[in-house]
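Counting in the numbering used here, the sequence shown runs from 3 upward without gaps.
Just so you know, the hints here were simulated from the structure itself, not pulled from any lab data. Certain hints may be false.
[Stated by the list, open to error] With a cut-off of at most 27 Å between alpha-carbon atoms, the simulated DSS-like pairs for lysine-lysine come out as follows: (1) Lys342 with Lys225; (2) Lys159 with Lys74; (3) Lys178 with Lys86; (4) Lys203 with Lys225; (5) Lys309 with Lys201; (6) Lys128 with Lys178; (7) Lys249 with Lys298; (8) Lys86 with Lys128; (9) Lys101 with Lys128; (10) Lys103 with Lys74; (11) Lys166 with Lys225; (12) Lys159 with Lys169; (13) Lys74 with Lys99; (14) Lys309 with Lys231; (15) Lys231 with Lys201; (16) Lys73 with Lys201; (17) Lys166 with Lys358; (18) Lys201 with Lys249; (19) Lys371 with Lys159; (20) Lys76 with Lys169; (21) Lys358 with Lys169; (22) Lys371 with Lys249; (23) Lys128 with Lys103; (24) Lys86 with Lys103; (25) Lys166 with Lys249; (26) Lys225 with Lys201.
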Amino acid sequence: MKEPSIIANWKQTYLTEGAKGLNKPQGRPPKMPKYSKNVKGSNKMSTPKTDELSLLKQENEYLRLELAYLKKVKSAGLERPTRKQEAMIVYELSQEKFKLKDILTVTGLPESTFHYHCSKKETKNKDEALENLLQEIFDENDGNYGYRRIQKALKNKGHQVNHKRVKRLMDQLGIKCTKFSHKNRRYNPYKGTVGKTAKNKLNRRFTTPIPLQKLVTDVTEFKCLNDQKLYLSPILDLYNGEIISFKISNHPTLDIALDPLNEALALVTEHALYRTTIHSDQGWHYQHNSWVNALKQHGIFQSMSRKGNCLDNSPMENFFSLLKQEMYHGVEQVSYDTLKERIEHYIDYYNHRRIKTKLSGLSPVAYRKQDTQLAA
Numbered sequence: 003m004k005e006p007s008i009i010a011n012w013k014q015t016y017l018t019e020g021a022k023g024l025n026k027p028q029g030r031p032p033k034m035p036k037y038s039k040n041v042k043g044s045n046k047m048s049t050p051k052t053d054e055l056s057l058l059k060q061e062n063e064y065l066r067l068e069l070a071y072l073k074k075v076k077s078a079g080l081e082r083p084t085r086k087q088e089a090m091i092v093y094e095l096s097q098e099k100f101k102l103k104d105i106l107t108v109t110g111l112p113e114s115t116f117h118y119h120c121s122k123k124e125t126k127n128k129d130e131a132l133e134n135l136l137q138e139i140f141d142e143n144d145g146n147y148g149y150r151r152i153q154k155a156l157k158n159k160g161h162q163v164n165h166k167r168v169k170r171l172m173d174q175l176g177i178k179c180t181k182f183s184h185k186n187r188r189y190n191p192y193k194g195t196v197g198k199t200a201k202n203k204l205n206r207r208f209t210t211p212i213p214l215q216k217l218v219t220d221v222t223e224f225k226c227l228n229d230q231k232l233y234l235s236p237i238l239d240l241y242n243g244e245i246i247s248f249k250i251s252n253h254p255t256l257d258i259a260l261d262p263l264n265e266a267l268a269l270v271t272e273h274a275l276y277r278t279t280i281h282s283d284q285g286w287h288y289q290h291n292s293w294v295n296a297l298k299q300h301g302i303f304q305s306m307s308r309k310g311n312c313l314d315n316s317p318m319e320n321f322f323s324l325l326k327q328e329m330y331h332g333v334e335q336v337s338y339d340t341l342k343e344r345i346e347h348y349i350d351y352y353n354h355r356r357i358k359t360k361l362s363g364l365s366p367v368a369y370r371k372q373d374t375q376l377a378a
């Protein structure tokens with residue numbers, strides 16, 4: 003043997019491990035155990051304590067991220083953010099020294115979706131001008147317009163836009179008409195038969211191509227501060243849904259019905275081309291001799307709903323519901339004078355600016371004027 007040290011090693015192996023130690027080991031040598039990375043600035047290996055601390059730090063970071071994300075969603079007024087909106091929020095968070103990987107984990111947004119919307123963000127938004135106009139129309143009408151009415155308003159401004167595109171843009175902007183519910187406080191003026199009732203001549207035939215041919219009326223009630231009440235009595239023309247006269251009072255006296263009637267009679271006398279029918283419920287105002295005689299003197303047919311059947315006067319009920327949903331429900335109670343002013347302003351807005359899809363996207367007054375010009 004040229005290497006005596008080898009013999010010495012064998013001898014030492016035999017003495018410590020026996021004959022088995024001299025046999026050549028089979029298979030691969032065992033791998034070195036895996037250790038986690040060293041803590042920065044330290045040569046010590048990871049221990050269960052350091053692993054637990056690292057996990058707690060990660061959980062804390064996720065909680066901070068989730069809180070920051072929810073704050074941004076709330077500040078933007080978004081109930082259910084779209085993928086595009088989520089991507090923009092993720093982008094903002096990534097600019098606040100949060101790791102993108104952690105943000106995507108917390109929000110559940112796929113990385114490919116994030117990069118897709120970021121690439122779109124860098125390109126010019128071709129709908130920006132339309133979105134601004136859409137938002138302007140929505141704000142001008144106090145959030146009362148849904149996508150169909152906004153589409154009509156855009157058409158009136160010279161923009162031909164498909165209603166599906168309008169809805170998509172509204173969803174992206176996070177704007178939605180949410181004022182409508184099924185609340186409605188209805189004043190009941192019925193006090194039994196106190197005079198003469200009339201037949202239901204209108205019989206739910208609520209449409210007419212002739213102005214001032216079919217009129218409907220009723221009285222409704224509002225609550226004000228200090229337990230005060232406000233009563234509104236309008237007369238509506240079924241030709242275009244226009245309120246042709248109305249009266250507001252703090253008591254439902256006979257004058258609340260007669261004053262608007264006298265205004266309507268002046269219009270009928272001057273402009274009606276066909277014999278007029280005026281329809282109401284069986285409230286005591288409309289059974290009163292003063293009301294009945296005024297109609298007879300002007301040759302106007304009187305029509306009344308069947309007892310306890312509000313559907314026979316549904317156009318008037320629909321107007322009351324619309325008015326209350328758009329300017330009364332969900333708003334703090336105000337004084338009588340303030341509410342009176344708001345109702346007067348709303349009726350002017352309703353007649354002159356609020357468009358109706360049934361009138362080809364025109365307001366009641368605009369529709370009447372256009373129809374008059376075409377007939378001339």
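Going through the hints against the structure:
1. Lys342 with Lys225: The given pair, whose Cα atoms are some 11 Å apart, holds under the 27 Å limit.
2. Lys159 with Lys74: Status violated; Cα separation ~34 Å.
3. Lys178 with Lys86: With Cα atoms ~17 Å apart, Lys178 and Lys86 stay inside 27 Å; holds.
4. Lys203 with Lys225: violated (33 Å)
5. Lys309 with Lys201: holds (11 Å)
6. Lys128 with Lys178: Distance ~22 Å between Lys128 and Lys178 Cα, so the pair holds.
7. Lys249 with Lys298: holds (22 Å)
8. Lys86 with Lys128: holds (15 Å)
9. Lys101 with Lys128: Cα-Cα ~31 Å, so violated.
10. Lys103 with Lys74: The hint holds at about 18 Å.
11. Lys166 with Lys225: Given that 27 Å is the threshold and the Cα spacing comes to 39 Å, the pair is violated.
12. Lys159 with Lys169: holds (18 Å)
13. Lys74 with Lys99: This hinted pair holds, its Cα atoms lying about 15 Å apart.
14. Lys309 with Lys231: Within the cut-off at roughly 25 Å; holds.
15. Lys231 with Lys201: violated (31 Å)
16. Lys73 with Lys201: Since the Cα atoms of Lys73 and Lys201 sit roughly 61 Å apart, the hinted pair is violated (cutoff 27 Å).
17. Lys166 with Lys358: Holds - the C-alpha atoms of Lys358 and Lys166 are around 19 Å apart, at most 27 Å.
18. Lys201 with Lys249: holds (26 Å)
19. Lys371 with Lys159: Holds, because 18 Å separates the two Cα atoms, which is no more than 27 Å.
20. Lys76 with Lys169: At roughly 22 Å apart (the allowed maximum being 27 Å), Lys169 and Lys76 satisfy the hint.
21. Lys358 with Lys169: Since the Cα atoms of Lys358 and Lys169 sit roughly 18 Å apart, the hinted pair holds (cutoff 27 Å).
22. Lys371 with Lys249: holds (24 Å)
23. Lys128 with Lys103: With a Cα-Cα distance of about 31 Å, the restraint between Lys128 and Lys103 is violated, given a limit of 27 Å.
24. Lys86 with Lys103: Satisfied, since the Cα-Cα distance of roughly 18 Å is no more than 27 Å.
25. Lys166 with Lys249: It is violated: about 41 Å lies between the C-alpha atoms, which goes past 27 Å.
26. Lys225 with Lys201: violated (33 Å)
Hint compliance for this structure: hints 2, 4, 9, 11, 15, 16, 23, 25, 26 are broken, all remaining hints hold.
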